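J.: Sequence:
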Amino acid sequence: MLEARRVWFSYDQRRHVLRDISLKIREGTYVAIMGENGAGKSTLIKHFNGLLKPTRGEVYVDGLNVAETPTSNLSRRVALVFQNPESMFFSETVYKEAAFALKNLGFPEEVVERQVMKYLELFGLQNYIHRSPFTLSSGEQRRLAFSCILAWDPKYIVLDEPTAGQDRYQRELLKVMIKQLIDQGKTVIIVSHDVEFVAETMPKVFLMADGEILSCGGAKQILSDEATISRSGLIFPQVTETLRGLDELNLPRNIISSEEAADLLIRIFRGARVV
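Just add 856 to the spot in the sequence shown (first one is 1) and you have this note's numbering.
Hints may contain errors.
[Unchecked claim] Derived DEER-like restraints, expressed as beta-carbon distance ranges:
1) R1027 with K952: 26 to 34 angstroms
2) E965 with D1023: 31 to 39 angstroms
3) T949 with L1037: 20 to 28 angstroms
4) L920 with N1106: 25 to 33 angstroms
[What the hints assert, rightly or not] Derived pair list, reagent style DSBU-like, types lysine-lysine, alpha-carbon separation capped at 35 angstroms:
5) K959 with K902
6) K880 with K902
7) K880 with K1060
Simulated from the structure, these hints should not be mistaken for lab results.
Remember, predicted model here, so these are calculated numbers, not experimental data.
Here a beta-carbon is modelled for each residue, glycine too, at the ideal position from N, C-alpha and C.
Let the hints inform the model, and build the full structure from the sequences given.
T.: This is the structure we're talking about:
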């Protein structure tokens, strides 16, 4: 389990970027940490693998206090893919980049090759193994970063703005990947202000603003709550906004995904009573 206990953090000892954050993320769950840019989302997740230590309060990973545990130990458990994946690349080819962590962790060469090719093929990068990571598009770099971390099989997977630069096909692939990881017992945490993707995938949501957690609950509950959304600075999913504009039809106000909307319209067409 990942746990934050009354965490405060400041980069300069003057302004707190995180203020009294407490949360628990249990194993095998799918979670979204949402909020506008500057809400403190990325700062929070850097505490999960020891890149940052709390100014006050405590963060635990499977009972290990982050402030007292080597970052190398935490990184085996918690893998982060940052919003700008090129910042984590340094190898001369795509293959070497994907294989680097596995080799450092001492995996046999045949395991390294199998795992690397498995995930490069999954993300459509198998034809780029001899290319430099720095010549890839931003979307391809993001997919390479996914391949790198999944290859070493971490327990907790944290994705910072994973839909940025991804086309519709890759967004669908990301949905499938998240479901597969959850089915394998992994914990998946996405940091996002992409309300459409969160509405489609229905994680538990921690909604942040100004370094604090405003609300926490299911995606349907959070993304359809007018007061909460207004305070966070986010917007409703497009489907929610559209249906709320049809006041004369007296439709439910908590529809957040296109799948739910399609089901609702089918029921209306068939003459079912909508409440």
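J.: All hints, please: hold or fail.
T.: Cross-check of the supplied hints:
Between R1027 and K952 the beta carbon distance is about 28 angstroms. The supplied range of 26 to 34 angstroms therefore holds. Checked against the hint of 31 to 39 angstroms, the C-beta distance between E965 and D1023 comes to roughly 34 angstroms, which is consistent with it. One distance hint, 20 to 28 angstroms for the beta-carbon pair T949 and L1037, holds here, with the actual separation near 26 angstroms. Between L920 and N1106, the C-beta spacing of about 52 angstroms breaks the proposed range 25 to 33 angstroms.
At most 35 angstroms may separate the alpha-carbon atoms for a hinted pair to count; K959 and K902 meet this at roughly 24 angstroms. Note on K880 and K902: the hinted pairing holds, with a Cα-Cα distance of about 15 angstroms set against a maximum of 35 angstroms. Distance hint between K880 and K1060 is fulfilled; the C-alpha atoms sit about 11 angstroms from each other, no more than 35 angstroms.
Hint violations for this structure: number 4 only, all remaining hints satisfied.
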